[in-house]
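*Asks:* Here the protein sequences line up with chains A and B, keeping their order.
The numbering of the first sequence is numbering that gives the first Met the number 0, which starts it at 0 and goes up by one.
The numbering of the second sequence is numbering that gives the first Met the number 0, which starts it at 0 and goes up by one.
Simulated from the structure, these hints should not be mistaken for laboratory data.
Each hint should be verified, as a subset may be incorrect.
Put simply, identical chains are the same to the list, so a pair is met inside one copy or across any two.
[Unchecked claim] Listed below are the simulated DSSO-like cross-link pairs for lysine-lysine, each with C-alpha atoms no more than 30 angstroms apart in a straight line:
#1 K230 / K8
#2 K157 / K264
#3 K358 / K306
#4 K34 / K8
#5 K306 / K230
#6 K306 / K8
#7 K8 / K358
#8 K8 / K264
#9 K34 / K230
#10 K157 / K135
2 protein chains.
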Amino acid sequence: MATSEPLIKLTRGVPPPESFPTSQLSECAVAALAKHGDVVLQYGSSRGFAPLRTAIAQDSGADEGQIIVGQGSLELLDLCARMLIEPGDVAYAEQPSYDRTLVVLRRVGAQVVGFPLENDGPNVEALETRLRSGEKPALFYLVPDFQNPSGTVLSGAKRQRIAELAREYEFWLVEDIPYRRLRYRGEDLPTLHELAPERVIQMSSFSKLICPGLRVGYVTLPDPLVDGMAKMAEDTYISPSFVNQAIIAEYMERGWLAPQIAQLKELYEPRLNAMLQALEAHFAGLATWRRPDGGFFVGMTLSADIKAERLLQAGREANLALTDGRSFFADGEGDRFVRLPFCALTPEEIEEGIGRLAKVVQSL
Amino acid sequence: MATSEPLIKLTRGVPPPESFPTSQLSECAVAALAKHGDVVLQYGSSRGFAPLRTAIAQDSGADEGQIIVGQGSLELLDLCARMLIEPGDVAYAEQPSYDRTLVVLRRVGAQVVGFPLENDGPNVEALETRLRSGEKPALFYLVPDFQNPSGTVLSGAKRQRIAELAREYEFWLVEDIPYRRLRYRGEDLPTLHELAPERVIQMSSFSKLICPGLRVGYVTLPDPLVDGMAKMAEDTYISPSFVNQAIIAEYMERGWLAPQIAQLKELYEPRLNAMLQALEAHFAGLATWRRPDGGFFVGMTLSADIKAERLLQAGREANLALTDGRSFFADGEGDRFVRLPFCALTPEEIEEGIGRLAKVVQSL
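Produce the entire structure from the sequences given, and follow the hints as far as they go.
*Replies:* Set out below in structure tokens:
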């Protein structure tokens, strides 16, 4: 199915440029350099720029001493994996999970075990079975809120149970919540960190709330891990860019984060709705999918047994860019899984892209 | 020897805040965001912001396609080490060498072999002996210009010989040149990269030329390594901060780098002179030291057999902060080695600090 229609990207979870508060960030950069030039242009603590750690602590309710601000949360995850995982160790993840995390875990030698995602989170019976068998995972990586890539929200009951299991079997939970504050409707559930602070490494980022290009992510760690993580960061990059961190600190001090998030919700909720409507219109009978109340993604599973290579190839021929579903699966399955990011597309592009994708799927 | 005199830091190689072009960087930040906001606030290529790669290529004469710009050169070194070194591999370094590099190499499992530094660079006979014995180093890390921590400049003859050996025995040279452009007198020698481009990974940074806080370093790699390094960077931090890289690109496009470097030389040369004069005045007979023509450091070796712990402790009591000499030595020796960074101290502080240090040494 060749087409001359414009390319529609259903690939990565990038925010749209129209969401970037560019002129505000420019003002913040000038103010940050004027106020803190000597500090932010110098080397500093690997824990991050102190006023930003304070602002994050005030915002999140976490203990400032447990917060380390780094250069994007993926790199903090990598540092964490290097600190906690020895080659051959078992690491748990949801299945599907964030593809870049699987790469990071495997690169440090982890054997990644994926627990099938259900509508309310990973299969907890399978988790309990493995733990009861005596397996000792180094960590369990989860995205409880509007999961990447599926959009799934971990239920309250499963949050409780997973927190209990982490306590009982003494493994670390890595809770990655970059999308948590992008809830377009419904109510927040407690974080894993709130339920088991002594077992949870919680990561988040400003990439989805302000912009990715400043590369500012952060992690809240249980006390016994903080110094080791700070040392791991120092030994890797000495200190993160305090310039970028000061820009975000200034942005938060000016009270601009809450209205920015409100604007993002106004921008993204119609895109989520357009995605769900387009799926109803074009994919009924062809696939099943999540109906998330927030985040960046709707995860879809095709009903037909279609190989990922064929789907990607047919997508390219229809000027649709797709991500290989298998990259999200620890066990390499996932041919039929399609991640649909909706935030960087207009409602019209979503309707067009999903319609085109349905034709592609029907043609296979 | 207790003292109430002000603390003098003879520890790390940090530039002084008075060297930071703060208001120029502020202008560049505003311009970069105005021109390139949508690009620099987004995720991008792990190779770095294209206009900065172009500017560096024009400045250094390297091939733009071989340049990767990252978040400080230490992290690029870490990525490089993860790409090239398997646990148990041998890595070569000068002895003494940059302490953070030794940590990075050991962290990926390298067995680091240090070659004693002579006045003109590492002992090449020792190098040849090991290579002829059949040892296969994964890489040889060198700082040929105004070495950290010793100030040594690798001679032209040894540059030629090391480049030949790298070709003959097929190992990678990692040439780290952050201080090369801070030559206060004398003439540049050819880089290892100029002598054996196909075997040299050359790293540098803007930390010592503009400021550390933007965390912008870069590497020029032989063609067979470029894609692997870009993938390693992407899998670690997706992309570096293009905001920071665009600020530096703007700074270079405005022609501000050359005058900045000229000003640094005016600031630092008197400090180097003050250091050399203070050493002549206070350490004749107590130590030997390098007499570099540039850079940040003078390396000194005490004549007396003094243990590092005692020296550091006595230094603290005299309000002198010193770095443990052993941290620069792959073999853990180095008790008698003292790194003297001079750029962040005024000539008066240098005279005072070196005088005080001589009294400390004489008291032990």
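*Asks:* Hints first: check each against the structure and report whether it holds.
*Replies:* Results of checking the hints against the structure:
Proximity of K230 to K8 under the C-alpha cut-off of 30 angstroms is restricted to the inter-copy arrangement: shortest distance 21 angstroms between copies versus 39 angstroms within a copy. For the homomeric pair K157 and K264, the shortest alpha-carbon distance inside one copy (27 angstroms) is at most 30 angstroms, but the shortest distance between copies (62 angstroms) is not. When the C-alpha separation of K358 and K306 is checked against a cutoff of 30 angstroms, the pair qualifies only within one copy, where the shortest distance is 16 angstroms, while the shortest distance between copies is 76 angstroms. Taking the closest pair of Cα atoms, K34 and K8 come within 30 angstroms of each other only across two copies (25 angstroms); inside a single copy the shortest separation is 41 angstroms, beyond that limit.
For the identical chains of this complex, K306 and K230 are inter-copy neighbours only, at 26 angstroms across copies versus 44 angstroms inside a copy, given an alpha-carbon limit of 30 angstroms. Only within a single protomer do K306 and K8 lie at most 30 angstroms apart by alpha-carbon distance; the minimum there is 20 angstroms, versus 63 angstroms between protomers. Taking identical chains as interchangeable, the C-alpha atoms of K8 and K358 lie at most 30 angstroms apart only when both belong to the same chain, with a minimum of 16 angstroms there against 69 angstroms between chains. Proximity of K8 and K264 under a CA criterion of 30 angstroms is satisfied intra-copy only: 21 angstroms inside one chain copy versus 50 angstroms between copies.
For the homomeric pair K34 and K230, the shortest alpha-carbon distance inside one copy (28 angstroms) is at most 30 angstroms, but the shortest distance between copies (37 angstroms) is not. Taking the closest pair of Cα atoms, K157 and K135 come within 30 angstroms of each other only inside a single copy of the chain (20 angstroms); across copies the shortest separation is 52 angstroms, beyond that limit.
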